[in-house]
Amino acid sequence: MRKLCNSLKEAIEKSGLRDGMTISFHHHLRNGDYVLNMVLEEIAALGIKDLTVNASSLFDCHEPLLGHIENGVVTGLETDYMSSGIGGPISKGVLAKPVVFRSHGARPAQILDGTSHIDVAFVAAPASDPMGNCSGKYGPSACGSLGYAFADAMKADKVVVVTDDLMDYPLTDASITEDYVDYVVKVDAIGNPKGIVSGTTRMPKDPIALKIAELAAQAIDASGLLKDGFSFQTGAGGASLAVADYVKRIMLKRNIKGSFALGGITGYMVDMLEAGCFQAIQDVQCFDLQAVQSIREDPRHMEITAAQYASPKAKSSAASNLDVVVLGATEIDTNFNVNVHTDSNGCIIGGSGGHTDVAEEAKLTVIVAPLSRARMSIVVDKVLTVSTPGSSVDMLVTQYGIAVNPARPDLEAAMKAARLPVKDIRQLRDMAVALNGPAKPYARTSDRVVANVLARDGSLQDVIYQVK
Amino acid sequence: MDIKREAMAGTLESSDICVTVQPAAEGIRIDLNSTVENYYGDSIRETIGAVLQELGVRNALVSAVDHGALDCTIRARATTAVKRASREEPQK
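Going down the list, the protein sequences come from chains A and B. Per this note's numbering, residue 1 is the first one in the first sequence, and the count goes up by one each step. Per this note's numbering, residue 1 is the first one in the second sequence, and the count goes up by one each step.
Excised from the complex, chain B in its bound form (with noise of 0.2 Å):
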């Protein structure tokens, strides 16, 4: 999957997460900005990176800033985001 526009998922509500996918010119960099870093931060970028994976996203720019959110949610506002990001257009 291309990332071809800069998309996000999520909210910035306690226990979500907020992924934002840009565009990248060469591999996959995770910013991330996480109320429990010290507890569940290596977990959170190994499960982005996870999904970045599985959808076959090879070039992108992930920024998130978590509130505490569950591994499920992780996945989900992650994954959302990237197939946001891979559309052309914006979807109405």
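Only chain A is shown next, with the shape it has when bound in the complex (with noise of 0.2 Å):
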């Protein structure tokens, strides 16, 4: 049996890809990806019209997709996270059909029950074998975890895998097996190295970064979670980082022995890893070139599939073992809801990822935000999009002090015997009220809804409406 095809354009006519189809993409090649630029053109280019695109995420790298919306090519888009680049303009309408977000583990729950149906599943992979077996940790794109790919593998009509590094059979560490894949296609390149990961994740040095982090640190010790068999997930954004480093230095300090670390992994947490405070990383994607190095060579560095990490309709999920978690937010209202989708004008410029997913599912949900960015308050009355339900968070973390839900009076207990600074969240408003001027209220210019974003369950959780 031959897989192996002589160009994109063969691959995608053995598909059967027909007008009014779905395709699906993952974004482990994050803003170096060339892999959906290139289908699209091809697609465009047979004359193929009326699809829905269903990517895991998409960045700025994507904007000729703004084009393929333009000329009736792509009329549907389904995704996790959106980057300003595409955000703006899908924000100002350009889309006719509302766009439909999900979260991280939503996405593979509903592929793999059939909901969210796939007919054409491209696989960007930087290393495979002419039957398919592939992997994300060698070659010249190596990414390493193919995490986001696997659901679409399993469950899409057809499955292209589309590599720049074709590798003899078989390819015997392989994440995505032959048994799911169709066709396989040698292109000359699947991204630019240099935006699929940054080379070295930074500690920020902004102090209002440090002090938040190490409050967060705090709290997080505070809490009584933090003892052996400890586990963690942080993002790689400032403050979120800043925040592993602080609990690192408690770690060490105290020699707790951790269990795993979960995400998206920087190389810092491969340095916790390697210092002893964790046994194991989950990890669903990499964002830097340590990391893609410790996939690789560290077993103790183990691959998850997206479902695996946070599918509200697994058996069971990394993220539904996961105590701590740190992110970030936009906006964060005074009953907790978080924003992670859109602007303080309603613009989007990113969406849930797996933000959603864990703070639902670990013991603790820290937010940690500064408590205003120039001049706009991040803790308001209620955000504009609900992208994280206020009942999964636990507290905010600012730099003026930390609040609580109400929902969590035990924490907020522990919180107070630690002598940390407890605030209401109303006086962390206030104060940001007192710092940058009363702002005139949000007026929305429009009620055409250019995105739905559903909950974890697929129910509509909030609207996210056309700006100018």
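Hints are not guaranteed to be accurate.
[Claimed, not checked] SDA-like mimics (lysine to any residue), calculated; alpha carbons at most 20 Å apart, straight line:
{"#": "1", "chain 1": "A", "residue 1": "K186", "chain 2": "A", "residue 2": "G114"}
{"#": "2", "chain 1": "A", "residue 1": "K92", "chain 2": "B", "residue 2": "T35"}
{"#": "3", "chain 1": "A", "residue 1": "K468", "chain 2": "B", "residue 2": "N38"}
{"#": "4", "chain 1": "A", "residue 1": "K468", "chain 2": "B", "residue 2": "G41"}
Hints were generated in silico from the structure; no laboratory data involved.
Take each chain as given, in its own frame, and dock them per the hints.
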């Protein structure tokens, strides 16, 4: 049986792709991905139209997608995250049909249970053999984990593996295996390594971020969860990464042997593994070169699928075993609802990713954020978009103090017992207003919905309106 | 205070405002470009206008590029820009 195609065009033709179908992509090549653009260009040349693109995330490198929306090749978008280069035009209404936003856990849940059908999945694979045994750990475009691509490969009617490093059969350390793959295509390059992963992940020097991080680490310690068996997830952004540094210092000082680190993985988590803070890393996506090297070489650093990471329908998941997660917010309201989808003008600049999943699952969900950013209060009366419901959030840590969700009086008592600066979240909101001056209320300018934000169970959680 | 030449104060950094003051024939004009226009646009124009009035400036063209400066910063940048613009020669 020959799966290897001479061109992407041949693979698309053989897949039987027709007008109106759904194609899918994963985002491990991040802002260096060539595959989505390459595939859409071939599809456009073939004259196929009216497609829905289901991509686990979209980045600014995918801007040509906007042209394919304009020319009718793409008429539907489903994703977990889109950066502002795509989010801006979408917010202005370039797509007639509302975007469907899911979380990283809900996406595979709905793909696997058949709610979200994929006709043809395109798997960008840094290494593959001619039968489609493929991996993200090898090759010039190595990205590490292929976690988000598994559900697509398992359930799509046709699966096309696109690689730039064709290896001899069998690729023994394969992530997605040949039994799921229909066609394999070799191309010159699947991505730009500079955009795929960053070289190093740097600790922030911003004194406000460090202050927030130190306070957050103290709060985690005071929660009582920071002991042997501890499991932890944190983002790669400024304050979140700095929290890891403070947590690491506490763990080393007290010789705490944690269980696992979870999530998108940075070199910082690898350092913690190697320092003995954790016994394992569960990795759905690598953020930097050190993480890629570690997942390739260290058996304690395991690849997990998106469903295994955080599917609400999985029998259990890594997220459901998680003690503490530290997450960011563009806004948080006095009911602890968090927005990570839109900016202060209501324009799409992100998405849940795994935020909503791990926030709901973890024993302790800590939101770290400055009280305000460039005169915009982060603590508001009502978020413009509910990305993660307040019921999933346990506390907010700002440079001016900690606000604990009233649903967690036990946690508030623990913070007070540790003499940490606990404030009512409304107090923090008032402090922000006092610093920034009273702002005019947000005025929505359109009733047209440009995106539906789905909850983890697939129900409609919120909508995002068009902006000017 | 008379505006004699073009002068500037501030930066394009986040949480700062860059204020440029130029001579004008008649009256005050304030052109503002702000990331927080929807929330603070009117308030920023009001603050700059108040600074001009306090310093006795009657004719000026002000262009401001704001990245979320606080009111105290806006006052400071506007005041400095006006004082620089009212000097005959650039200060060494």
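We went through each hint and held it up to the structure:
1. K186/A <-> G114/A: 30 Å, violated
2. K92/A <-> T35/B: 17 Å, holds
3. K468/A <-> N38/B: 11 Å, holds
4. K468/A <-> G41/B: At roughly 16 Å apart (the allowed maximum being 20 Å), G41/B and K468/A satisfy the hint.
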